[in-house]
Every structure is written in C-alpha cells, then in structure tokens.
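> If you're matching them up, the sequences are chains D and S in order.
Residue 25 in the numbering used here sits at position 11 of the first sequence, with consecutive numbering throughout.
Residue 40 in the numbering used here sits at position 14 of the second sequence, with consecutive numbering throughout.
Derived by calculation from the structure, the hints in this document are not laboratory data.
Built from N, CA and C at the ideal position, the CB exists for glycine as well.
Take these hints with a grain of salt, some might be off.
Okay, derived cross-link-like pairs now, DMTMM-like style, lysine to aspartate or glutamate, Cα gap no bigger than 25 Å in a straight line [unchecked claim]:
| hint | chain 1 | residue 1 | chain 2 | residue 2 |
| --- | --- | --- | --- | --- |
| 1 | S | K100 | D | E193 |
| 2 | S | K146 | D | D191 |
| 3 | S | K146 | D | E175 |
| 4 | S | K125 | D | D171 |
| 5 | S | K125 | D | D191 |
Which stretches of chain S does chain D cover? Using the computed rule of at least three CB atoms under 8 Å from a CB of chain D, they are [stated by the list, open to error]:
| hint | segment |
| --- | --- |
| 6 | 117 to 124 |
| 7 | 250 to 261 |
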Amino acid sequence: MGLWEVMTGKRKVKGPAPDRLFAMSTAAVTLTTQLGLTSRGEAAIVFQALATADFASIVADMQEVVGGTSSDAGTKIESRDDEFGYRWMVLRDEDFEDLVVGINAVSGALQAGGYGDRILAAVFAWANGKQPIYWIYNYKRGFFYPFVPAGGPQSRDSEHELRLQAQIGKELPVEPDLERWFPLWGAPI
Amino acid sequence: MMGMARPTSFGRDRGLQTRMFLTGLGLVVVYAILIAALIAAGAGALLVAVIAGGFFLVQIFASDKLALSAMGAKEVSPAEAPQLHATIERLCVQADLPKPRVAVAQTHMPNAFALGRSPKHATVCATTGIMDLLSPAELEGVLAHELGHVQNRDVMVMTIASFFATVASYIVQFGFFFGGGYGGGYSDDDDNGGGILPLILVSIVVYAISFLLMQALSRYREFAADRASALITGRPTALISALMKLESGMARIPKQDLRTAEGMAAFFIIPPRVGQSISGLFSTHPPTEKRIAALQRLEAQLQGTA
Numbered sequence: 015m016g017l018w019e020v021m022t023g024k025r026k027v028k029g030p031a032p033d034r035l036f037a038m039s040t041a042a043v044t045l046t047t048q049l050g051l052t053s054r055g056e057a058a059i060v061f062q063a064l065a066t067a068d069f070a071s072i073v074a075d076m077q078e079v080v081g082g083t084s085s086d087a088g089t090k091i092e093s094r095d096d097e098f099g100y101r102w103m104v105l106r107d108e109d110f111e112d113l114v115v116g117i118n119a120v121s122g123a124l125q126a127g128g129y130g131d132r133i134l135a136a137v138f139a140w141a142n143g144k145q146p147i148y149w150i151y152n153y154k155r156g157f158f159y160p161f162v163p164a165g166g167p168q169s170r171d172s173e174h175e176l177r178l179q180a181q182i183g184k185e186l187p188v189e190p191d192l193e194r195w196f197p198l199w200g201a202p203i
Numbered sequence: 027m028m029g030m031a032r033p034t035s036f037g038r039d040r041g042l043q044t045r046m047f048l049t050g051l052g053l054v055v056v057y058a059i060l061i062a063a064l065i066a067a068g069a070g071a072l073l074v075a076v077i078a079g080g081f082f083l084v085q086i087f088a089s090d091k092l093a094l095s096a097m098g099a100k101e102v103s104p105a106e107a108p109q110l111h112a113t114i115e116r117l118c119v120q121a122d123l124p125k126p127r128v129a130v131a132q133t134h135m136p137n138a139f140a141l142g143r144s145p146k147h148a149t150v151c152a153t154t155g156i157m158d159l160l161s162p163a164e165l166e167g168v169l170a171h172e173l174g175h176v177q178n179r180d181v182m183v184m185t186i187a188s189f190f191a192t193v194a195s196y197i198v199q200f201g202f203f204f205g206g207g208y209g210g211g212y213s214d215d216d217d218n219g220g221g222i223l224p225l226i227l228v229s230i231v232v233y234a235i236s237f238l239l240m241q242a243l244s245r246y247r248e249f250a251a252d253r254a255s256a257l258i259t260g261r262p263t264a265l266i267s268a269l270m271k272l273e274s275g276m277a278r279i280p281k282q283d284l285r286t287a288e289g290m291a292a293f294f295i296i297p298p299r300v301g302q303s304i305s306g307l308f309s310t311h312p313p314t315e316k317r318i319a320a321l322q323r324l325e326a327q328l329q330g331t332a
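This is chain D alone, in the form it adopts within the complex (with noise of 0.2 Å):
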C-alpha cells in the first residue's frame, strides 16, 4: 500500500487475483492417488449477494450457464445462504472436472457482471474417509489453503492442514502466509 493511498484512503477493494483456479483440476489426481482423498461431489462459491437490480438477474443467467458448461450437462445448481449473510452457489456433480469448470463459469459471470469483487472464495469439499476436508480458493490472493474442521465448535485440525500442506507440495499454489488460512465455518457443503 503507497503513501498516497495511506495518506488519501483506500479507495477499492482487491478483484480477483491472476487466476490460478485451474490447479485444482490437476491437483485433484495427487489428492485422490496419493493421499487418499475423495472428492465428495460438491464445490460451492461463496460470495456477499448485493441487493441491487441487477444482481438477481446475474444470479440467474449464472444458473442458466452453469448448467450449459459441463461434458454430460450432469452439474447440479442450487443456492444455499448461510448465518453470516453470504451466499452458496453449491455445485454438484461427480465428475470432478466439471466441477471445477462450473466454478469457474459462476466466477466469470459474476466479474462479467461487474461484481467480481463480492467473490470471497471457492470451497471444494473433500473428505478422508469420513473426515469432512475442505480446499478453499481465495480470489482475492489466487492461492488455496486446506480446511479441516475437528468436530467441536470452532476448533479445526491445524495440524492435519499443516500435513495436506507437506502433501500436495508443489501441485497447488499453497498460500504461503497460516495467518491467512481463514476458516468457513458452517459451509453448507
């Protein structure tokens, strides 16, 4: 941040970063030969839903679209709000792929919308074997980070984070700074 911003304000809140969304296509292969993760059919986006005229028409045509990006037109739609007021567009489908690709339709026709600055992150849900795990990707900072809720409230696994970290090496850009390992609780995936 430069002087000029310090001395005037900041004026603008950060749009998505180069993206590097598409990593988690590749990486998905190491997760699931090599360290035994399975995909368990669901991604989401999260972001603020604004209350402007525009924003539910965008909304919808994003629905329209996504179903028209997957191979076999098999990704499942739906919009879920959660207790801090963001809203979910939940992804489902099998082929992790797809999922991928629906997510980053949802994200192109919210930029393309003009409001690629209310995206706060993609989550793909992931579990080991019943252990629900998540990968969050963070637009603002292009990088991923694991999630791993232990069961109690507010408590998560930081260690078995700081192991799927080790694990995936170089195969995802891993945010380098913990401090920015947001938690999501109560994701409604």
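Since the structure of chain D is provided, determine the placement of chain S on it from the hints.
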C-alpha cells in the same frame, strides 16, 4: 447481461481525497514553522522535541495495549466469541487484510474501535453493548468500518499528525521551565537566537491551528472508513441503519462511562459525548447525518441510480 462492463461497484471520491490532502499539507506547513522556531530557540527547545519523540515511540508501540486495558477490553479467542471472529474473518478475506486481534469490552455503551500501528498489529474491539444492540448485518458494517481504519492505517496517521502538536503543547506547558535556566543568566546576550518567549508564542499558534486541522483530518478519515466499510460489505445501507441505531443509543448512556472513554474518542465509531453541543469545527467525528448522506450516495452508485 454479460456484455455490460461495470468496472467497479463504486466510483472515486475526489473531493474527499483533495480535502484530506490539503489538510495534511496544512499540518506540514504549520509544523515546519514550529521546527524553525525550535531551531531558532536553540538546545533547550530541541531537548523538548527529543523527549516528545520518546513519548511518541511509546505511543506507537504501546498505546493499543494501554487503551485496551483503559477500556477494560479483553482479547477473546474464537471459542469465546465465535460469531464475532467468523464475521471478522470473512471481512478480512474480502478486504485482503491479515486477521486482527479481536477484543471485547464488557460495557453497555454501544461502541467499537480499532487500535494498532499497522494491519499486522491491529486489534478490533467491540463492546458487549454494540453486539446486543445491532443486528448481524449492522454489526458487520461497523466492523468493516473499523477494518477500514486498520486498512487506512489511521492510528499511525493520526499519531504522526499529532506529534508536533504534542511538542507544541509541551513547550507551552513547560517552556518557561526550560527557558528560565537560560533567560536569567544570559539575558544580556542578544545573539543566542530567538529566545524562549517567541517560541512559546509560536507554539501556542501552532497548537491551535494544528488542533483544528487534526480534527478535520480525523473527520475525513471517518468518511474514508465509512466508504471502506461500504466497499468491503457492499451494503452501505447496513452501516446507515447501524449509525442511526447507535446515535439514538448513545443518547441513553450514563455520563460516568464517558469520562473514562474521552481520550479515545478519535478511534470510536461514534464519539462518546452527550448533552453537549459541540461546534462542528472541534469534533473528531462528522455529524451522523453527513455520514449517512455520504453512504446514501454510495448506495445510489451501487444501485446505478446516481
């Protein structure tokens, strides 16, 4: 729909930037005059500046802890305040900020404030009063306003801006002290610079002018933080309704609470002053109606009706 190019949700506010810049420039000019007077007055006066510099460093590095304990605020863990932590975490993702420490003050006075010299050393504090009073969306707007202060480094800006004003006030308060030692013995020596009396006079003027400029700067920073809140949440209306609730809420506050909080007024979302009409010139916060009007303009831009 897809072809519609909306570059950003909000436009820029050049007027605000210009006013902030001019205020800053005014402070620089006034302080340059003071520095010149200090040099002219010689070693004793410079010593005052060095002492003030020491206090300045203490202020930058310790003021957040001092202020937190003065407010009776305690840092809380995610397990103790899950909702507050989760709300702040999401706002931090949106604002691309590291997560600040989160503190809660046990008081009925509804307020929130941000402390710390940089985003990496920031603390955001909310009172139990404000958490009871506001809806989740309104509280989010207020927390985003505080994160706006963090993002804009307002504590640092205001501390630096007040440095020479502090020096000037020391000189006014203790100047005769420092001057006394020299003045008595060397009163016949006319060429040892300007002497202490002109310095004290300059200091009084500098203090008065810089005080007004700082109040103005503080008000502009409030507008900037309101704007940041609107940018971060995308909901200027949530902050508007929070401000309206807070203003009516503030009027019910008993006076005992206010005196203890007085020194921190600049960092509050709403200054804790009641039953007292202060002229706009002397206030650290703009009147709530003006803040609401500015936020309404942002909402109109967002809705595309501006």
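> Does each hint fit the structure? Answer for all of them.
For each hint, the structure was consulted:
1. S/K100 <-> D/E193: 21 Å, holds
2. S/K146 <-> D/D191: 12 Å, holds
3. S/K146 <-> D/E175: Distance of about 23 Å is within 25 Å: holds.
4. S/K125 <-> D/D171: 19 Å, holds
5. S/K125 <-> D/D191: 11 Å, holds
6. 117 to 124: holds (count 6)
7. 250 to 261: holds (count 9)
Figure legend: structure checked against the earlier numbered hints; every hint is met.
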